[in-house]
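A.B. asks: The chain contents come next:
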Amino acid sequence: MASLEFGTLVADPSTIDQPFESDTPVTRRRRRIRWGRGVILFLAALYFIVPFYASMAFSLQKPTGGFSLTPLTQIASAPGFLSALWLSTQLAVITMVLVVLLMVPTVIYVHLRMPRFRRVMEVITILPIIIPPIAYSVGVLESAPAWLRSSQYLLAIVYVILAMPYVYRSLDSGLGALDLKTLVEASRSLGSSWVSTIWRVLVPNLRSALMSASVLTIALVFGEFTIANVDNWTTIPVWIYLAPTDNPRVNTLVAMIALLATCLVLTLIVSLDRSVTYNTDADSRRKQ
Amino acid sequence: MTVLSDLDSPTSLPGGASSSGRSGPARTGALVRGLRTSAPVLPFLAYVIVVLGVPTAAIVNYAFRSNAGHFTWQNLHSILSGGQYRAGFETSLKLALVTAIVPGVLGTFIAYAISTSQHAPFKRITSATSGVLAQFGGVNLAFMFIASFGFVGVATKWLNAIGVDPWSHGFDLYKFWGVAFVYMYFQIPLMVLIITPAFAGLRPAWREAAENLGASRWRYWRHVGVPVLTPAILGSMFLLFGSGFSAYATAEALTAGTVAITPIQIGAILQGNVIAGENNIAYALAFAMIVILLVTVIGYVLLRRRTSRWLR
Chain A
24 MASLEFGTLV
34 ADPSTIDQPF
44 ESDTPVTRRR
54 RRIRWGRGVI
64 LFLAALYFIV
74 PFYASMAFSL
84 QKPTGGFSLT
94 PLTQIASAPG
104 FLSALWLSTQ
114 LAVITMVLVV
124 LLMVPTVIYV
134 HLRMPRFRRV
144 MEVITILPII
154 IPPIAYSVGV
164 LESAPAWLRS
174 SQYLLAIVYV
184 ILAMPYVYRS
194 LDSGLGALDL
204 KTLVEASRSL
214 GSSWVSTIWR
224 VLVPNLRSAL
234 MSASVLTIAL
244 VFGEFTIANV
254 DNWTTIPVWI
264 YLAPTDNPRV
274 NTLVAMIALL
284 ATCLVLTLIV
294 SLDRSVTYNT
304 DADSRRKQ
Chain B
183 MTVLSDLDSP
193 TSLPGGASSS
203 GRSGPARTGA
213 LVRGLRTSAP
223 VLPFLAYVIV
233 VLGVPTAAIV
243 NYAFRSNAGH
253 FTWQNLHSIL
263 SGGQYRAGFE
273 TSLKLALVTA
283 IVPGVLGTFI
293 AYAISTSQHA
303 PFKRITSATS
313 GVLAQFGGVN
323 LAFMFIASFG
333 FVGVATKWLN
343 AIGVDPWSHG
353 FDLYKFWGVA
363 FVYMYFQIPL
373 MVLIITPAFA
383 GLRPAWREAA
393 ENLGASRWRY
403 WRHVGVPVLT
413 PAILGSMFLL
423 FGSGFSAYAT
433 AEALTAGTVA
443 ITPIQIGAIL
453 QGNVIAGENN
463 IAYALAFAMI
473 VILLVTVIGY
483 VLLRRRTSRW
493 LR
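Protein sequences appear in the order of chains A and B. Under our numbering, think of the first position of the first sequence as 24, with each following residue one higher. Under our numbering, think of the first position of the second sequence as 183, with each following residue one higher.
Just so you know, these hints were derived from the structure itself, not from any lab. Built from N, CA and C at the ideal position, the CB exists for glycine as well. Keep in mind that the hints are not guaranteed to be accurate.
Incomplete in silico selection of chain A near chain B, CB under 10 Å [to be verified]:
#, residue
1, Phe75
2, Val120
3, Val123
4, Phe140
5, Ile157
6, Val253
7, Arg272
Chain A regions said to be covered by chain B (calculated; three or more residues, Cβ under 8 Å) [unchecked claim]:
#, stretch
8, 62-72
9, 87-96
10, 101-110
11, 198-211
12, 245-252
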């Protein structure tokens with residue numbers, strides 16, 4: 024703008040043109056940015072795609088070249104795989120039932136009657152993310168009573184705590200989107216009990232929040248390695264790590280399937296509810 | 183990340199739950215009423231106290247107990263004064279620092295490259311992808327890298343085919359830098375995920391104002407962009423540090439426990455791979471890890487408070 028003022032002052036057509044001239048380096052600069060962006064994004068894409076493709080090739084390529092799906096059929100017969108799958112499934116179901124029974128009534132009640140308690144809930148449910156799983160497992164394994172310590176269900180009890188952050192945040196944003204008070208008052212004044220209000224009015228309204236909460240819980244249980252490993256229980260991730268390595272391609276294949284399942288699960292949640300996912304994505308990083 | 187911001191609120195003390203702080207004759211009545219109101223959350227609180235509170239308290243307690251049960255500084259002293267556990271801590275801190283700074287810087291550039299894109303679907307896809315990739319980690323990620331960059335990995339073969347042999351040039355996937363290389367796979371997307379909102383908060387008006395005042399691109403970044411973004415970038419790096427410091431599964435599965443970082447040492451003690459009577463050392467190590475993570479989180483919260491002054 025300064026040059027334009029200057030140009031009108033001098034009243035010389037060539038100086039009035041100046042802003043247009045000075046535009047040229049700007050566009051050149053813009054082009055350079057775009058080029059730099061291309062390089063950055065290309066390298067990033069390379070780093071993220073190559074290992075993925077390479078390990079697919081590692082587990083599915085035949086020694087003679089070409090791909091084959093026969094390793095897929097070897098998974099089920101791999102020693103120990105089915106019992107690991109059964110253990111992980113059991114743990115996932117128990118964890119899911121426990122965490123839903125514990126969290127759904129609590130979060131609904133807090134939203135309805137104790138809004139100030141939400142702050143406390145938020146702080147409590149952030150703790151499992153801050154405390155490293157390996158440090159937490161020290162406390163759990165050394166302070167659990169012996170009868171519980173020797174049971175695989177200890178893992179489910181602990182996974183409830185690990186799942187709380189995601190379940191709480193799903194439910195919290197799901198409930199935030201409802202006109203909870205009106206729903207509950209309408210249901211109660213029509214004579215339904217608390218249980219049927221929750222079961223027949225609130226749960227159907229919270230379907231997508233509950234869906235993403237349970238899917239995240241299942242993903243967490245199927246992916247959790249730290250505590251299962253130090254407690255010496257062969258869940259799926261521990262099996263991938265410890266399984267007899269006469270055929271590492273099968274282990275890698277199961278690992279890849281697990282990763283693809285993670286992708287699928289998270290994509291599913293994204294399509295279920297964008298706002299819920301935004302929170303959970305950012306918070307569930309402590310799994311590593 | 184919205185969650186951590188609530189840590190610094192004064193109302194988040196558990197005491198705020200029941201209104202028991204009153205005095206006078208109304209006190210007992212208020213206490214009873216408070217208890218009755220909060221009764222439905224008691225199962226949740228009880229569960230958290232038993233399954234999370236008791237183990238955490240045990241860590242703090244036994245970190246300061248001798249095998250005979252007396253109070254002692256010996257455990258902490260012996261892990262901090264030297265030997266393998268001190269070395270483990272140093273390696274852990276170094277690993278966390280490297281995997282906070284390098285992916286932090288790279289992630290910032292990638293996030294900037296993404297956020298200056300005019301193409302809305304591209305932005306949406308990359309943000310969803312970062313969300314997914316930030317979840318990768320653990321055993322699966324380790325196996326993916328072993329299959330691709332291991333000694334006989336597929337990507338190693340590709341590199342060999344074009345005349346590059348990383349393994350003969352000092353690259354070792356199963357040592358410190360190999361672990362750091364693998365951690366980048368979830369740390370970079372995590373950085374992209376948490377720094378992108380900061381770029382969105384960089385208002386175009388500031389850039390236009392700077393340009394109108396005659397600032398070059400360099401001067402704009404030097405005096406406006408970088409100062410505004412620094413707390414956000416540093417804060418995100420704190421989170422990356424925490425994530426790299428507490429990671430166990432990836433390193434354990436990748437190196438079979440040969441890179442002696444603190445989480446792996448704790449795991450070895452718990453699995454009984456070391457001499458008996460070291461349980462209190464495990465407590466002390468866990469305690470020290472929690473302290474470091476608390477410091478990290480506090481640093482993050484403080485930086486976040488600074489961030490919110492300019493960026494929303």
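A.B. asks: Look at each hint and say if it fits the structure.
C.D. replies: We went through each hint and held it up to the structure:
no.	hint	result
1	Phe75	holds, 7 Å
2	Val120	violated, 14 Å
3	Val123	violated, 12 Å
4	Phe140	holds, 6 Å
5	Ile157	holds, 4 Å
6	Val253	holds, 4 Å
7	Arg272	holds, 8 Å
8	62-72	holds (count 5)
9	87-96	violated (count 0)
10	101-110	violated (count 0)
11	198-211	violated (count 0)
12	245-252	holds (count 4)
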